[in-house]
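Peer 1: Each chain, written out:
Number of protein chains: 2
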Amino acid sequence: MRIGELARRTGVPVPTIKYYSREGLLPPGERTSPNQVAYDDSHVRRLKLIRAMLEVGGLSVAAARDVLAEVDSPTRSVHGMLGVAQSAVTRAAVERGTDEDRERAEAEVRELVTRHGWTAKPQNPGWQSLVQIVLTYRDLDRGDLLTLLDKYASAAGELALAELGALADVPSADGKVEGVVLGTVLGDAAMSALRRIAQEDASGRARG
Amino acid sequence: MRIGELARRTGVPVPTIKYYSREGLLPPGERTSPNQVAYDDSHVRRLKLIRAMLEVGGLSVAAARDVLAEVDSPTRSVHGMLGVAQSAVTRAAVERGTDEDRERAEAEVRELVTRHGWTAKPQNPGWQSLVQIVLTYRDLDRGDLLTLLDKYASAAGELALAELGALADVPSADGKVEGVVLGTVLGDAAMSALRRIAQEDASGRARG
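Chains as they are written, first to last, in this note's numbering: chain G, 66 to 273; chain A, 66 to 273.
Be aware that a few hints might be false.
As the list makes no split between identical chains, a pair holds if one copy fits it or if it spans any two.
SDA-like cross-link-like pairs, simulated, lysine to any residue; straight-line CA separation at most 20 Å [as the list claims (entries may be wrong)]:
id	residue 1	residue 2
1	K113	L205
2	K241	G273
3	K216	V235
4	K113	E243
5	K241	R203
6	K216	E168
7	K83	K241
8	K113	G182
9	K241	H144
I should point out that these hints are in silico values taken from the structure, not numbers from a laboratory.
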């Protein structure tokens, strides 16, 4: 199909398609004459995936490029894809607090991870985010909110197993890799959205 | 204390403190002479809260201003605070899909909410995010990932009750309101961080 048809089928305007192409998010189409390039269904799907990452997941173009490079890598794996996708969706943690405060927060996170029997390491993109959150709660003397982290952790553990189970049922390697990307990029957004609905309900009931 | 001492105690540079003041995030100090303004412990705490919202929660200055206006409102309530904080942390959903696709996704979200016995309405900031996520999964033919939403919803429901319970134990009204702000702004980040750690663990074990 020509670029106009690609735009029509995906709802992505032609100039935006050209921009994604230049930025390396969309593989080039096949040049069929000096003035014409042909696209196929793989380009339709890729454009949908790009929109999901940018518009729904809120990723930057650079972060989406990193994720897609791994999707297209001949040496990709589900576990490696997870690491790349996690890094892409994680905001860099701002260094704060004294060395002593940081060490204390690091120790709290290490203890929490151990308590839940997890083998993850401080290099995990979530780890430093969590240290920063613990530091913030401690800085504001809100140890009461820290006690909730164990409940979040138990829920996260159960959900991770469910997510992995869903992935195991996907027959194709492409489908598994895309599932990791979508689960990581949209999974956070889905969980946050559902938390807002559940919180409104719980708060409304408590108010009576 | 003077502004230099306020900067030292909070780690926020003087020009940044002045900027937050101009933007209406930090209440003015008390003018004690034509050239001097005195700040107190309430300014220290407010600055810590501002940093938590901007640096850890990733809120814009405008969104943080909305949240703090409600914190300082004489007519504030815990339930109202929750609504304002939820709106502040929610990215606006981009309209997409045909009317038919949108109606179908709206219906799926309504059914999910009903299934979990929730009373929340489509005005909830999470609702439209969820419609967009359902649309995206459908657009990509990933109904398999949609089945995970019920598991996320069950976890979100349990966590909302735990969060409300933690809030009930906070004695002061100020503490409750600040707890809602922190729980909303940092709660998403904490859950996402823990999901990354749990996912790495589950994926690593599956790989063997």
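Peer 1: At 20 Å max between alpha carbons, let me know whether K241 reaches H144 within a copy, between copies, both or neither.
Peer 2: within (11 Å within a copy, 41 Å between copies)
Peer 1: Checking K241 and G273: alpha-carbon separation at most 20 Å within a copy, between copies, both or neither?
Peer 2: Between. Shortest inter-copy distance 17 Å satisfies the 20 Å Cα cut-off; intra-copy 45 Å does not.
Peer 1: At 20 Å max between alpha carbons, let me know whether K216 reaches E168 within a copy, between copies, both or neither.
Peer 2: neither (23 Å within a copy, 35 Å between copies)
Peer 1: Measure nothing new, just compare the shortest in-copy and cross-copy C-alpha distances for K216 and V235 to 20 Å and report within, between, both or neither.
Peer 2: between (30 Å within a copy, 18 Å between copies)
Peer 1: Within, between, both or neither: how does the pair K113, L205 come out at a Cα-Cα threshold of 20 Å?
Peer 2: between (42 Å within a copy, 7 Å between copies)
Peer 1: Within a copy, between copies, both or neither: which one fits K113 and E243 at a CA-CA cutoff of 20 Å?
Peer 2: within (12 Å within a copy, 40 Å between copies)
Peer 1: Pop the pair K241 and R203 into one bin, within, between, both or neither, using alpha-carbon distances up to 20 Å.
Peer 2: between (39 Å within a copy, 16 Å between copies)
Peer 1: Using 20 Å as the alpha-carbon threshold, which applies to K113 and G182: within, between, both, or neither?
Peer 2: Neither: 37 Å inside a copy, 33 Å across copies.
Peer 1: Checking an output row: K83 and K241, CA cutoff 20 Å. Within, between, both or neither?
Peer 2: neither (28 Å within a copy, 50 Å between copies)
The structure is inconsistent with the numbered hints 6, 7, 8, although it conforms to all the rest.
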